[in-house]
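Number of protein chains: 2
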Amino acid sequence: MANIYDLAYDLEKGLRESEEFQALKNAYETVMNDPSTKQMFDNFRDTQLNLQQKQMQGEEITEEEVNKAKQVVELVQQNEDISKLMEEEQRLNTVIGDVSKIITKPLEDLYGEEQQ
Amino acid sequence: MANIYDLAYDLEKGLRESEEFQALKNAYETVMNDPSTKQMFDNFRDTQLNLQQKQMQGEEITEEEVNKAKQVVELVQQNEDISKLMEEEQRLNTVIGDVSKIITKPLEDLYGEEQQ
Ligand SMILES: [Ca+2]
Ligand SMILES: [Ca+2]
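The listed protein sequences correspond, in order, to chains A and B.
Residues 1 to 116 in the numbering used here are what the first sequence lists, from first letter to last.
Residues 1 to 116 in the numbering used here are what the second sequence lists, from first letter to last.
Just so you know, these hints were derived from the structure itself, not from any lab.
None of the values given here were measured: they were computed from a predicted structure.
Be aware that one or more of the hints could be misleading.
If several chains are the same, the list does not tell them apart, and a pair holds so long as it fits within one copy or across any two.
As a list, the in silico DSS-like pairs of lysine-lysine whose alpha-carbon atoms are at most 25 Å apart [stated by the list, open to error]:
1. K68 with K101
2. K101 with K38
3. K101 with K13
4. K70 with K105
5. K84 with K105
6. K25 with K54
7. K38 with K13
8. K68 with K13
9. K101 with K54
10. K13 with K70
11. K105 with K38
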């Protein structure tokens, strides 16, 4: 019987070497290595995080904040390096979601079978 | 380069065949195969879920409900089959938490390194 941790490290290595992860890494580094693009991306992430936190805490979001957020989104969508990064993030998230479904299947089978 | 999905299925198989998963499966089946123990366990889970939902929706939890929940917990703790099941759930959750940390390490490394 193979050791679970060895199998997990094999998977980690496979993810790290995958075309999807390497493409994300390249897209991320392209954004990070251009100071003005990096600033735009950081600003976008900060704005998103800030609005999410306000929503979770039930704080009111002003019309001005909504408009500012929309402007920031429009700005990053026009930047091809950031668009590429967001696309690659989406692609890797899909792979990781699939992996997560595969490895939680034993538990799902166990807890599912009695409930029918 | 190994295929990510093949590696994920290898890990899934390893988890399914692991001592930890087999022990959880046995503990779960012991509880499920004894109708009075199963009822006690279902009652415990329903009570927990109900209180969690009320908390999340900001509803008030009455003193009567708190006392009832405490009684249900005391009851299941005295049942050795349910205690064993909860112990095995905890043990497998630790393994799955470790696996999750291992396989998300590439992303953590990527997004972590630029933020220092
Ligand atoms: Ca550029
Ligand atoms: Ca018994």
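Results of checking the hints against the structure:
no. : hint          : in the structure
1   : K68 with K101 : neither (37 Å within a copy, 36 Å between copies)
2   : K101 with K38 : neither (33 Å within a copy, 27 Å between copies)
3   : K101 with K13 : both (19 Å within a copy, 13 Å between copies)
4   : K70 with K105 : neither (39 Å within a copy, 32 Å between copies)
5   : K84 with K105 : between (32 Å within a copy, 22 Å between copies)
6   : K25 with K54  : neither (30 Å within a copy, 42 Å between copies)
7   : K38 with K13  : neither (28 Å within a copy, 42 Å between copies)
8   : K68 with K13  : neither (41 Å within a copy, 49 Å between copies)
9   : K101 with K54 : neither (31 Å within a copy, 28 Å between copies)
10  : K13 with K70  : neither (38 Å within a copy, 46 Å between copies)
11  : K105 with K38 : between (39 Å within a copy, 23 Å between copies)
When the structure is compared with the earlier hints, violations turn up for hints 1, 2, 4, 6, 7, 8, 9 and 10 and for no others.
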